[in-house]
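Colleague: Mind docking chain B on chain A? Use the hints.
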Amino acid sequence: MILEPQKRISKKGLTVWRISGAIHSFFALLVLGGAVSLTFIFDWPSWIIGIAVLAFALYAYLFIMLIPTLRWKRWRYEVRENEIELQHGVFIIKRTLVPMIRVQHVDTLQGPILRKYQLATITVSTAATVHEIPALEVEEAEELRYFISKLVRVADEDV
Amino acid sequence: MSEPKRLHPISAIISCLKQLKELIIPFLVFVVFGSKNGLFQLFASLGVIVLVFIIGILTWLRFTYRLEEGELRIEYGVFVRKKRYIPFERIQSLDLSEGILQRPFGLVKVKIETAGSSGEAEAVLTAISKSQAILIQQALSSAKASVSFDEEESIKKEQEITLYKISPKELLLLASTSGGVGVVLSAVIAFILQFEEFIPYEKVFSGLEDFISSGVLVVSLLVFLGFLIAWVAALIGTMLKYAGFTVKKNEDDFIITRGLLEKRQLTIPLHRIQAIRISENLIRQPFGLCTVYIESAGGSATETESTREMLLPIAKRNVITTILSPYLPEYNLEISILSAPKRSLKRYLFRGLLYMLPIIVGSVLFIKPWGYLSLLIVIPSTLLSYLKFKDAGWKIDGEQLTLRYRAIIKNTIFMKRNRIQSLVMRESYFQNKNKLASIEATVMSGSGGTRGRVIDLEKKDVEGIYEWYSYSKEK
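Chains as they are written, first to last, in the numbering used here: chain A, 1 to 159; chain B, 1001 to 1475.
Chain A extracted, bound-state conformation (with noise of 0.2 Å):
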């Protein structure tokens, strides 16, 4: 078996997901809630109510609590001198190698939320392909930033 990656992502990403996640399922509330208030205007029979609350727990569990969970707990990133290796994925394991020879360029970005918690996302992008660090520090990000562009530096080539 071939090492997985170490590093971890921070742990306030999990936060950060759970919270959108939580903003999805205020989404979804909104469209259960539209379909409760029909079955009340139109007097549809009574057990759609039930299933409308039944899926929203669901949904809302999923999305905050379970595949948060999972996600981070699977994330791991790391980056070596010759190329960038990242292990992903909820259900289905990803791994992926980009090699520094590769890597084009690096970009931060954060939205609102993870810059509340001071957090920024790397994505790396290759000639074909993007790929993204969620959630890292800022600090780290930006060094994260710095290194790569340092090691792609050195180590270019021909497309």
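Some hints could be false.
What the hints assert, rightly or not - Derived DSS-like pairs: lysine-lysine, alpha-carbon spacing no greater than 25 Å straight-line:
hint : chain 1 : residue 1 : chain 2 : residue 2
1    : A       : K7        : B       : K1459
2    : B       : K1435     : A       : K73
3    : B       : K1342     : A       : K73
4    : A       : K94       : B       : K1433
5    : B       : K1346     : A       : K94
6    : A       : K94       : B       : K1342
7    : A       : K94       : B       : K1082
8    : B       : K1169     : A       : K94
Think of the hints as simulated: they come from the structure by calculation, not from any bench.
Bear in mind the structure is a predicted one, so any value in this text is a computation, not a measurement.
Modeller: Only chain B this time, still in chain A's reference frame:
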């Protein structure tokens, strides 16, 4: 050759016609829904046409190009003057084509592609004389030759070897077995079946039986004829497109020419080749025929053809190596593929059934008596799943990774390790239990990427590929 040159005047007309073509719909709307005052409409339309022509001529007047200091310098723009300087080293390929309007004057359209030009070509010279185009080509190749100061190259340069020319028989074979024809044929069959379904229903009206059934016959005959015509049209279209398909090689480019009405010439530098793909579709495979594509970097993304260029449109699987290996020595195209393990067959079959399930359940529930016929889908789908399993495979040979897989068309993709942009190993819970995993490798193609992905291989093999690709173990 430093004085600014204009394009051939015909390019003014070409650009006018293009403009007018785009204006047709607003024009029609204007005429149909416009005011009742015919005179005003007439004048307005004439005005627009005159304006288009004036702008076309001005555009032509302002467009100049020249070769200067190792750059192609283009200046253009009617209201806003623009200058575009492209260094020769940045130019990936020149794409020459002859449209119907260019042909009578012996002109060519030159598209200049650079690596960064996503969407459309970096620059287009709509109509210049062939001698001019050749001059540009020579300037380009001499500029490139001086970069890589190789003594022998100047001697080799003039040598052009033809490695493939399509024969009339192959052209016919190509056209009649292309995917488009398959679609048309299956549509015809579906239609005929549709009408057969109607016949028993019509029989209820026994008095009218003769008349109607003959009517149905006439209709289905007409439909069949329509499809036959469509098929022949598709056939002729493909034949015109690929007539005279020739692949030549000069010092370090492949030059592909094809087309009868519109001649196209394409230059692919050998060092831009990212991967080789051999495709065998369902109609061609039984005859041992396949198509060879080149995935190459650069080129414009809007033209789907240029990202994946056909190298050999149709050829016997066993002669490909003989044709290509002298020119692509770093690729080993004749390779024994290691298949997926037996235990992944059941996963392939299961997946096939799973995809069909919604269709079957849907039609059984909603199309009452006939819905059960959809159960028959299981047979071809299972067959396809079995073929997918049989074709899944991989092989590492030195620096080359070969992946073979089938969606509907069987693909074998040959990639060099230093051309693979990233590698993904993928494993689900159930795959893990069966010690299976999937592998996915991406190479650059055009301005995006193209992937080869094989599902359910032996996990140990996939890990082997992963380790082979890893750059860390070298130290």
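Colleague: If a hint holds in the structure, say so; if it does not, say that too.
Modeller: Okay, the hints, checked on the actual structure:
1. K7(A) to K1459(B): holds, 24 Å
2. K1435(B) to K73(A): holds, 22 Å
3. K1342(B) to K73(A): violated, 33 Å
4. K94(A) to K1433(B): holds, 16 Å
5. K1346(B) to K94(A): Given that 25 Å is the threshold and the Cα spacing comes to 22 Å, the pair holds.
6. K94(A) to K1342(B): holds, 23 Å
7. K94(A) to K1082(B): violated, 47 Å
8. K1169(B) to K94(A): Answer violated: K1169(B) to K94(A) is near 47 Å, above 25 Å.
Comparing the model with each earlier hint shows violations of hints 3, 7 and 8; every other hint is respected.
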